[in-house]
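Listed below, chain by chain, are the residues.
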Amino acid sequence: MTTYLRPCLALLLLVLLGSIACGGGSSENAAPAPAAAVADPVNPETAGGLKGSIKLEGTPPAAQTINRRSDPYCEQQGEAKTQNFIVSNGGLENVFIYVKDGLGDMKFPVPTMPVVLDQHGCTYAPRVFGIQAGQPLEILNSDETLHNIHALPMNNREFNRGQALKGLKHTHVFTTAEVMVPFKCDVHNWMNAWVGVLNHPFYAVSGSGGAFDIQRLPPGTYTIEAWHEKLGTQTQTVTIGPKETKELSFTFKL
Amino acid sequence: MRLHLYAVLVALSTAVLIFAGGLVTSTGSGLSVPDWPTTYGWFMFTFPLDKMVGGIRFEHTHRLIASTVGFLILVLAVWLRLAEPRQWVRRLGYIVLGAVITQGILGGITVLWFLPDPISIAHASLAQLVFCLTIAIALTTSPGWKRAYAGRGPVPNDRILQQIATATTVLVYVQILVGATMRHTDAGLAIPDFPLAFGQLIPPSWDPKIAIHFAHRVGALVVTTFALATTGHVFYHHRTRPELWRPSALLLVLIALQITLGALTVLSHKHYIINSLHVVTGASVLATSLVLTLRTRRGSLDALAGSSGRDEVYGLHRDVRHARGHA
Numbered sequence: 000m001t002t003y004l005r006p007c008l009a010l011l012l013l014v015l016l017g018s019i020a021c022g023g024g025s026s027e028n029a030a031p032a033p034a035a036a037v038a039d040p041v042n043p044e045t046a047g048g049l050k051g052s053i054k055l056e057g058t059p060p061a062a063q064t065i066n067r068r069s070d071p072y073c074e075q076q077g078e079a080k081t082q083n084f085i086v087s088n089g090g091l092e093n094v095f096i097y098v099k100d101g102l103g104d105m106k107f108p109v110p111t112m113p114v115v116l117d118q119h120g121c122t123y124a125p126r127v128f129g130i131q132a133g134q135p136l137e138i139l140n141s142d143e144t145l146h147n148i149h150a151l152p153m154n155n156r157e158f159n160r161g162q163a164l165k166g167l168k169h170t171h172v173f174t175t176a177e178v179m180v181p182f183k184c185d186v187h188n189w190m191n192a193w194v195g196v197l198n199h200p201f202y203a204v205s206g207s208g209g210a211f212d213i214q215r216l217p218p219g220t221y222t223i224e225a226w227h228e229k230l231g232t233q234t235q236t237v238t239i240g241p242k243e244t245k246e247l248s249f250t251f252k253l
Numbered sequence: 000m001r002l003h004l005y006a007v008l009v010a011l012s013t014a015v016l017i018f019a020g021g022l023v024t025s026t027g028s029g030l031s032v033p034d035w036p037t038t039y040g041w042f043m044f045t046f047p048l049d050k051m052v053g054g055i056r057f058e059h060t061h062r063l064i065a066s067t068v069g070f071l072i073l074v075l076a077v078w079l080r081l082a083e084p085r086q087w088v089r090r091l092g093y094i095v096l097g098a099v100i101t102q103g104i105l106g107g108i109t110v111l112w113f114l115p116d117p118i119s120i121a122h123a124s125l126a127q128l129v130f131c132l133t134i135a136i137a138l139t140t141s142p143g144w145k146r147a148y149a150g151r152g153p154v155p156n157d158r159i160l161q162q163i164a165t166a167t168t169v170l171v172y173v174q175i176l177v178g179a180t181m182r183h184t185d186a187g188l189a190i191p192d193f194p195l196a197f198g199q200l201i202p203p204s205w206d207p208k209i210a211i212h213f214a215h216r217v218g219a220l221v222v223t224t225f226a227l228a229t230t231g232h233v234f235y236h237h238r239t240r241p242e243l244w245r246p247s248a249l250l251l252v253l254i255a256l257q258i259t260l261g262a263l264t265v266l267s268h269k270h271y272i273i274n275s276l277h278v279v280t281g282a283s284v285l286a287t288s289l290v291l292t293l294r295t296r297r298g299s300l301d302a303l304a305g306s307s308g309r310d311e312v313y314g315l316h317r318d319v320r321h322a323r324g325h326a
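Those protein sequence lines, which keep their order, are chains S and L.
Going by numbering that gives the first Met the number 0, the residue at position 175 of the first sequence is 174; the numbering climbs one at a time, nothing skipped.
Going by numbering that gives the first Met the number 0, the residue at position 65 of the second sequence is 64; the numbering climbs one at a time, nothing skipped.
Hints were generated in silico from the structure; no laboratory data involved.
Certain hints may be false.
[What the hints assert, rightly or not] Sample of chain S residues lacking proximity to chain L, with all beta carbon distances greater than 10 Å (derived):
no.: 1; residue: K50
no.: 2; residue: G77
no.: 3; residue: G161
[As the list claims (entries may be wrong)] PhoX-like mimics (lysine-lysine), calculated; alpha carbons at most 25 Å apart, straight line:
no.: 4; chain 1: S; residue 1: K106; chain 2: S; residue 2: K50
no.: 5; chain 1: S; residue 1: K80; chain 2: L; residue 2: K208
no.: 6; chain 1: L; residue 1: K50; chain 2: S; residue 2: K229
Heads up, the beta-carbon is just placed ideally off N, CA and C, and yes, glycines get one too.
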């Protein structure tokens with residue numbers, strides 16, 4: 000009997016020590032894969048741009064107060080409202096606008112500067128954003144509470160990382176273009192964000208008044224798509240001439 | 000007797016665990032703790048209480064209860080090994096121990112693999128089997144079972160009752176599998192109205208979610224029909240046997256409650272408490288039907304296990320003589 004007892008006890012002790020050694024939360028810093036160097040194909044002498052705004056027809060549902068009592072820290076951060084429809088000056092914010100088609104086989108350099116997704120005040124900032132495939136995404140916990148950051152892509156690798164302490168960072172690199180990749184926090188079920196992952200830098204997110212601005216577009220004919228988390232997508236075709244900045248507007252209807 | 004009381008405690012704690020698991024699914028908290036078996040890097044039992052916030056409250060509590068139930072079942076298996084003379088009951092202890100270990104591993108895998116439907120459904124389904132095994136142990140270690148319900152003689156070998164009671168239990172389990180599939184494929188509100196389906200008896204259009212939801216409703220009707228048939232048979236032929244009519248009556252009450260909770264789950268847009276009560280009541284329906292089935296088959300179970308030679312251990316010879324005297 001003692002022949003088996005000792006190894007079993009030793010194994011149990013090892014498991015317990017291993018578990019305790021892991022205690023106290025973990026610092027996550029998955030190293031991003033280095034992006035291959037690519038020459039910028041955009042000629043600044045001929046590059047144009049795209050400006051415009053996103054309009055909303057109809058009255059959006061009133062923002063609802065979010066019940067955040069399940070986490071006392073979040074509740075102490077003040078009242079929070081749903082952010083599905085943010086309208087300012089008749090324009091719709093948080094719409095992701097990007098070049099869906101028309102760039103052909105052009106390759107673009109991938110920025111090494113990370114895009115930061117912050118968990119602050121028990122909300123994501125920004126709620127909607129873009130990134131290039133291969134560019135590092137730095138996910139930061141600025142809250143004195145726990146968050147899990149759970150990405151639910153269709154074409155990239157799903158991940159779910161815990162950030163138990165304030166200041167923890169996790170860096171992730173999406174490898175494949177995908178519009179949009181949702182994020183959620185399963186601890187705080189009101190927290191949602193979306194990222195558009197692209198192979199090029201021609202994207203924008205509508206801001207105040209629904210305005211957006213995409214610069215340094217090579218001359219050409221493009222399919223432009225606008226995405227909204229509740230209202231879906233719209234597309235338009237636009238032709239940009241050398242040094243030309245086109246005006247473009249999308250109107251979403253409720 | 001102490002072993003029986005302990006087995007009852009284990010069965011009750013397993014029911015609590017199923018309710019806690021229902022809360023995890025109903026609140027969408029299954030991935031609120033991304034790691035396993037640790038919790039945010041902490042050893043499970045040293046995770047700070049003040050960090051139990053949001054969805055972690057449900058998921059981590061479920062893990063703590065699961066660990067406790069696992070330990071209780073380990074003690075039960077050891078206790079059976081040491082104190083239970085019937086080999087087949089001791090084997091139930093080993094089986095439930097293996098099942099609960101498998102269940103824990105499935106729970107960990109489903110978290111680490113982001114809740115794949117087949118693993119989550121298997122986790123939900125095995126939970127019911129673990130509960131059934133604890134119920135079976137509690138029943139077979141009870142004084143009533145051992146004494147063959149003294150004073151009334153052995154349960155008559157009613158083959159019709161055995162068959163419909165067994166069919167009811169199997170159908171309840173199948174219905175629970177369909178319900179688990181519905182829950183984990185997010186089809187709980189695929190048909191948004193009740194008792195009709197999109198205002199009609201039969202859904203006017205179909206997709207996989209509507210199909211699984213409608214199958215669950217049809218399953219409820221089938222289970223109810225079989226439960227009524229079983230209960231009717233018991234009340235007509237065995238109304239003097241409380242060990243049969245009591246679980247039969249309880250079965251009907253629980254099914255009525257379960258259908259009400261199912262309706263309220265839809266009408267309340269899956270309120271997490273109602274939804275979880277629906278899960279644990281389903282488990283109770285299964286347990287009750289199982290108790291009835293096992294009692295109808297008590298004689299054949301003992302004969303099958305070759306335990307008739309041990310009747311004297313439980314004083315059964317006294318009850319059999321008593322029954323013969325009446326005959």
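Hint-by-hint comparison with the structure:
1. K50: holds, 40 Å
2. G77: holds, 17 Å
3. G161: Check fails; 5 Å does not lie beyond 10 Å.
4. S/K106 / S/K50: Given pair S/K106, S/K50 holds - Cα atoms ~23 Å apart, limit 25 Å.
5. S/K80 / L/K208: violated, 32 Å
6. L/K50 / S/K229: Given pair L/K50, S/K229 is violated - Cα atoms ~33 Å apart, limit 25 Å.
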